[in-house]
Amino acid sequence: MKFLCDADRCIDCNACVTACKNENEVPWGINRRRVVTINDGKPGERSVSMACMHCTDAPCAAVCPVTCIFSTEDGVVLHSKDLCIGCGYCFYACPFGAPQYPRVGNFGSRGKMDKCTYCAGGGGPEPSGSAEEFEKYGSNRFGDGKLPLCAEMCSTKSLLAGDGEIIAQIYKERVLKRGYGSGAWGWKTAYHEDVVV
Amino acid sequence: MNFLARIRLVAIAVMLFAIAVIAPAVAQKLGPDGAPDPTASVTSERSLLKQMPRAEGRIDIPDTKAGVLIQPAGRSWDYFHEVLLHWSGAIVLLGTIVLLGVAYLIIGKIRIAAGRSGRKVLRFKAFERFSHWLTAASFVVLGLTGLNVTFGKRLLLPVIGPDAFSSVSQWAKYIHNFTSAAFVVGLVLITVIFFKDNLLEKVDIDWVKQGGGFIKSKHAPAGRFNLGEKLVYWLSLAAGVAVSVSGVLLLFPFYGTDIADMQLAQIVHAVVAILFIALILAHIYIGTLGIEGAFEAMGTGEVDLNWAKEHHDLWIARQLASKEGQREPSTTAAE
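Protein chains in written order, with our numbering: chain A, 148 to 344; chain B, 2 to 336.
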């Protein structure tokens with residue numbers, strides 16, 4: 148399962164950010180998804196919606212000192228908040244700035260990491276779709292066969308979620324039809340493969 | 002007039018040439034269907050990351066570090082942390098332990114050549130010993146809790162299981178963060194107290210020439226500290242400052258630092274800490290197993306007179322001279 152943001156379609160409306168916050172009821176200060184605008188106000192301005200890309204051999208999982216981050220069979224990267232110690236290493240390793248930490252206590256001390264779950268809950272011991280799971284990890288749409296709400300709600304269908312091959316094909320067709328494309332942002336870094344048109 | 006006509010001709014030629022050059026550039030800004038091409042002036046993700054180490058932009062939320070869109074360096078840092086650091090750290094630390102073990106097997110404990118005299122001389126005052134042990138105790142705590150972050154998941158996790166290991170690591174993190182303050186205080190005290198006696202002197206060259214005390218037939222002269230001890234002092238000071246500064250940066254993440262600074266701070270912290278531990282392992286070996294009578298200096302504070310004559314002849318000579326000058330058995334002047 149992958150995300151693809153077609154930057155040539157993103158209009159920086161931040162509906163994906165709002166949808167994510169509402170669907171997962173994330174606390175204040177936590178942004179699982181954000182929209183970054185490159186070259187703002189200049190020719191060639193592009194906005195890209197970014198969250199956890201659910202990387203192939205995820206660097207966050209590799210560096211975690213307590214190995215609390217794991218990939219599911221569907222290629223969704225999840226983590227256990229029971230094991231997380233809030234060291235912040237996953238943020239240094241993440242190419243996309245996905246891990247978030249609630250501020251607890253003094254100085255820069257971080258609480259347990261929170262990040263995009265691909266709307267797939269926690270994948271842990273909590274029953275799938277249960278209140279305990281929702282409290283810790285947010286929505287589990289994936290368990291109901293649904294895709295992440297951010298992509299589902301995207302008004303320009305800039306943000307695509309789903310099977311990697313299918314969304315790459317959709318993007319390729321778009322680029323061929325309109326004649327340009329600034330690339331599948333983050334794909335090379337996340338999945339070791341690019342969408343070559 | 003002929004001259005003016007020539008200028009006009011050249012000007013027209015230049016204009017025509019300019020048009021010929023510019024026209025295709027204008028044409029390139031149009032898409033295949035003749036519509037303006039929105040990507041003509043934009044660099045794609047791939048070319049953007051070729052020009053810059055990371056893609057950054059404007060963000061609507063107050064969290065400014067979220068403005069970094071893509072930083073492929075995260076994968077490089079992952080490689081450093083999981084491959085380079087694990088291997089080099091293991092090699093350096095195990096290598097040091099093996100070397101010290103070999104040294105012990107070959108050289109063994111260096112005995113006091115003249116035997117114990119039974120007369121004690123004060124070498125380190127109570128406050129000096131307090132400063133040393135404050136630094137030493139916090140160093141051991143920081144070292145063990147720090148090594149747990151890097152090596153714990155390979156060594157301790159398989160033994161005690163994920164739940165217990167997470168609890169241990171959580172506590173280790175807090176202990177590491179708060180013990181750091183004690184270490185910095187100890188480091189400052191040690192630096193100030195022992196600064197003067199660790200300045201390099203001429204006698205240090207003789208000490209090296211005489212084999213630094215490792216050649217039994219030769220006597221290596223030294224003041225209060227020999228060159229080996231001075232090296233431990235200066236290297237510890239340098240390493241201590243490096244781990245303290247990088248540690249404070251890590252303790253206050255993204256306070257005036259960006260993602261690359263944080264990665265660099267972690268790399269410096271980890272690499273220097275590994276080398277620091279290797280240095281201190283050697284320091285502990287020499288101070289305990291390596292040389293008979295050395296530990297007492299930091300233990301009780303008093304060393305045997307013959308030990309002092311063998312290892313710090315110039316220092317003990319000054320001590321005894323000043324004692325006689327005062328005609329009192331005062332041992333406070335530690336010059």
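It is possible that part of the hints are untrue.
[What the hints assert, rightly or not] Dumping the calculated BS3-like pairs for lysine-lysine here, alpha-carbon to alpha-carbon at most 30 Å:
no., chain 1, residue 1, chain 2, residue 2
1, A, 335, B, 210
2, B, 66, A, 283
3, A, 259, B, 66
4, A, 228, B, 66
5, B, 210, B, 197
[Stated by the list, open to error] Pair ranges (Cβ atoms, derived):
no., chain 1, residue 1, chain 2, residue 2, range
6, A, 160, B, 257, 29 to 37 Å
7, A, 222, B, 183, 57 to 65 Å
8, A, 281, B, 127, 57 to 65 Å
What the hints contain is simulated information worked out from the structure, not anything from laboratory work.
None of the values given here were measured: they were computed from a predicted structure.
No residue lacks a Cβ here, since even glycine has one placed at the ideal position from N, Cα and C.
So, going through the hints one by one against the coordinates:
1. A threshold of 30 Å between alpha carbons decides the hint, and for residue 335 (chain A) with residue 210 (chain B) the separation of about 59 Å lies outside it, so the pair is violated.
2. A C-alpha spacing of about 24 Å is found between residue 66 (chain B) and residue 283 (chain A), which places the hinted pair at or below 30 Å, so the restraint holds.
3. For the hint linking residue 259 (chain A) to residue 66 (chain B), the alpha-carbon distance of about 19 Å falls within 30 Å, and the restraint holds.
4. With a C-alpha separation of about 23 Å, the suggested pair residue 228 (chain A) and residue 66 (chain B) falls inside the 30 Å cut-off, and the hint holds.
5. Annotation: proposed proximity of residue 210 (chain B) to residue 197 (chain B) holds, straight-line Cα distance about 23 Å (limit 30 Å).
6. Look at residue 160 (chain A) against residue 257 (chain B): about 32 Å separates their beta carbons, and that is inside 29 to 37 Å.
7. Between residue 222 (chain A) and residue 183 (chain B), the C-beta spacing of about 45 Å breaks the proposed range 57 to 65 Å.
8. A C-beta distance of roughly 59 Å is found between residue 281 (chain A) and residue 127 (chain B), which places it inside the suggested range of 57 to 65 Å.
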